[in-house]
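In order, the protein sequence lines correspond to chains A and B. For the first sequence, the working numbering begins at 6 and goes up steadily by one. For the second sequence, the working numbering begins at 66 and goes up steadily by one.
Hints are computed from structural coordinates only; laboratory data are not their basis. From a predicted model like this one, the values you see are computed outputs, not experimental measurements. Incorrect hints may appear among the rest.
Pairs of lysine to aspartate or glutamate, DMTMM-like flavour, derived with a Cα cap of 25 Å [said to hold, decoys possible]:
1. Lys-200(B) <-> Asp-7(A)
2. Lys-239(B) <-> Asp-292(A)
3. Lys-239(B) <-> Asp-196(A)
4. Lys-155(B) <-> Glu-78(B)
5. Lys-200(B) <-> Glu-197(A)
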Amino acid sequence: MDWSFVLTQTLTQAIGIQAIIYCLAAIGLNVQFGYTGLLNFGQVAFVAAGSYAVGVIVLTFDLSLWLAILVGIVVATIIALLLGIPTLRLRADYLAIVTIAFSELVRLTVRSIAFRDVFGGAQGLNGKLGQDFHDTNPLPADFQSLPILSWTRQDLWVVIVGWILVAFFTFLVWMLVRSPWGRIVRGIREDENAVVSLGKNVFAYKLQALILGGIIGAFGGIVWAVAKQSVQPDTFRPEFTFFAYTILLLGGAARVMGPVVGAILFWIVLAGTGEFLGQAIQAGWIDFLQPTDVGNIRFVLMGSGLIALMVFRPQGIFGDRRELALDAK
Amino acid sequence: MPSNDTVPGAQGEAARAALANVEARPGAPKPDPIVIADHVRRSFGGLTAVNVEHVEIQRGAITALIGPNGAGKTTFFNLITGFDDADEGKWSFNGRQVAGMAPYRLARIGMVRTFQLTKALSRMTVMDNMRLGAKGQTGERFFAAIFPFLWNGQEKSIAERAMGLLERFNLHEKVDDFAGSLSGGQRKLLEMARALMANPELIMLDEPMAGVNPALKQSLLGHIKTMREEGTTVLFVEHDMDMVHDISDWVIVMAQGSVIAEGPPDAVMKDQAVIDAYLGAHHDAQLTETGEALTESADGDPR
Ligand SMILES: Nc1ncnc2c1ncn2[C@@H]1O[C@H](COP(=O)(O)OP(=O)(O)OP(=O)(O)O)[C@@H](O)[C@H]1O
Ligand SMILES: [Mg+2]
Numbered sequence: 006m007d008w009s010f011v012l013t014q015t016l017t018q019a020i021g022i023q024a025i026i027y028c029l030a031a032i033g034l035n036v037q038f039g040y041t042g043l044l045n046f047g048q049v050a051f052v053a054a055g056s057y058a059v060g061v062i063v064l065t066f067d068l069s070l071w072l073a074i075l076v077g078i079v080v081a082t083i084i085a086l087l088l089g090i091p092t093l094r095l096r097a098d099y100l101a102i103v104t105i106a107f108s109e110l111v112r113l114t115v116r117s118i119a120f121r122d123v124f125g126g127a128q129g130l131n132g133k134l135g136q137d138f139h140d141t142n143p144l145p146a147d148f149q150s151l152p153i154l155s156w157t158r159q160d161l162w163v164v165i166v167g168w169i170l171v172a173f174f175t176f177l178v179w180m181l182v183r184s185p186w187g188r189i190v191r192g193i194r195e196d197e198n199a200v201v202s203l204g205k206n207v208f209a210y211k212l213q214a215l216i217l218g219g220i221i222g223a224f225g226g227i228v229w230a231v232a233k234q235s236v237q238p239d240t241f242r243p244e245f246t247f248f249a250y251t252i253l254l255l256g257g258a259a260r261v262m263g264p265v266v267g268a269i270l271f272w273i274v275l276a277g278t279g280e281f282l283g284q285a286i287q288a289g290w291i292d293f294l295q296p297t298d299v300g301n302i303r304f305v306l307m308g309s310g311l312i313a314l315m316v317f318r319p320q321g322i323f324g325d326r327r328e329l330a331l332d333a334k
Numbered sequence: 066m067p068s069n070d071t072v073p074g075a076q077g078e079a080a081r082a083a084l085a086n087v088e089a090r091p092g093a094p095k096p097d098p099i100v101i102a103d104h105v106r107r108s109f110g111g112l113t114a115v116n117v118e119h120v121e122i123q124r125g126a127i128t129a130l131i132g133p134n135g136a137g138k139t140t141f142f143n144l145i146t147g148f149d150d151a152d153e154g155k156w157s158f159n160g161r162q163v164a165g166m167a168p169y170r171l172a173r174i175g176m177v178r179t180f181q182l183t184k185a186l187s188r189m190t191v192m193d194n195m196r197l198g199a200k201g202q203t204g205e206r207f208f209a210a211i212f213p214f215l216w217n218g219q220e221k222s223i224a225e226r227a228m229g230l231l232e233r234f235n236l237h238e239k240v241d242d243f244a245g246s247l248s249g250g251q252r253k254l255l256e257m258a259r260a261l262m263a264n265p266e267l268i269m270l271d272e273p274m275a276g277v278n279p280a281l282k283q284s285l286l287g288h289i290k291t292m293r294e295e296g297t298t299v300l301f302v303e304h305d306m307d308m309v310h311d312i313s314d315w316v317i318v319m320a321q322g323s324v325i326a327e328g329p330p331d332a333v334m335k336d337q338a339v340i341d342a343y344l345g346a347h348h349d350a351q352l353t354e355t356g357e358a359l360t361e362s363a364d365g366d367p368r
């Protein structure tokens, strides 16, 4: 049993590219759901918008990555308006239904044969998607690896910029939620009619929150496309959104640091159990599992962990139990 | 505190004087109406919840809207304030036609309401609840929000004003508590104070006294009179006849969706139609001082 391998792999993934992508998606959800109370069950559509903006602009149209990022932001905004305008005046459930349906619609559209020339069909878009970004890599060309964390030169640069993005958006959210803007948005989560009765245009604030959360999610998708140099339609399944929610609840919704802590924890649990079980099976400690079971078992463990968390610490790692108690009234 | 003064102030005298010559009949025109509503109708399926032909609310006065459960008072509030859509009808606020206007815009132009089921924002502090009420905040705009120096000063003056109101409503010691930790009566007070943060021209209170203890009721009456003294028009729904009698300058009675009577409190409470529809023959328990009329009307009932 190679303990050091389990540890380094777990640590590398805990703060790795996947953690960053999910963290960004969860920061977006925190704005929408955590603070504003909007049930967006289609966050993956915004992530896909970011990824496909990079894929389509860079690969299909052969334009620059920087333009692609701009397009990603614009497309995320358009999606938010498209989903928000018809539903945000209605009861909260409508947004939930429409967003989850829309996210599947996006996935099925981009993988369809009809649009293969643009989106690449089921194979997606593969090529030098992030070249413009990787060309800016300041790390020495003979860079091998950090002591414990096993990233390539290219991945390390993505990880560095990725965490800078996380820090930036976390800071932005922190600034916003402690402002009068944040007060309105939290009020909407509590009781939107009360906020309306005080003369606030609740609909506009909900749209703003949906757009902001969507754009942050799209940055997750941009990081993904740049890091993997590939965009695959079937990575944008609804479970992506649910993992992002898991992360948010793990860290604590409506906590500025919730998504960061949640994402790291999520990947520690997921990667840690995966690596551990894989090693344990190899070493013959566990004989009732096959190596192919590991992928599924870790989600079973994650689910059990989440249930345990909801029972014993429903406010999440960072949440304030006092606040939760008030909900019952 | 002056707010606990039960003697009507100058504005109260003026309001009563202005209404002295108004006919006591449904739909009576007022000398200086702030709200005029015409043919306002709202039905839920087969049930006509509101069907008001004509009603006017006098500016600067305290008007009570009373009537039995299910009379349509809350629905009427919802329609006028834009929280519900009328099937037909038009109404004006300050001379401006406002039917169909979004509720937040109505609030902005000065028509602010509270709710029968109190809407305290539980997981926000009392102070944040109050601050939310203030109008025209720079920091409420997305891009200004991220630059605190743009709104810090305003935030301070809002907090000061909020503190003043909280003291008046005896909530100043709760300022940093979550609103959800307040008692039911305290939440009513908070909601009223929060509405005042918006500097309303017309404040519409839906059962402000429900669940408030007698001692507090007295000071609430004082607060409402203070609102009138400060130039705010008050329209309130209430089942507590003591309160209605004590503070209102004018009373409008609704039953089954329509206005069935209007008039000064004393006259309305003697009105046979009102007694039949709402007060009942034994409502005199609370009104013994002014209740001679009851025995009269019980004896001399022409019908
Ligand atoms: N959303 C609704 N759907 C269906 N019926 C409704 C709705 N809202 C109110 N009603 C009906 O309309 C009528 C008037 O209700 P409303 O709440 O306005 O009464 P109210 O005068 O405020 O009564 P109370 O003094 O009990 O608060 C009632 O018969 C009620 O059942
Ligand atoms: Mg009512």
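Point to revise | Hints the structure fails to honour | key: 1, 2, 4
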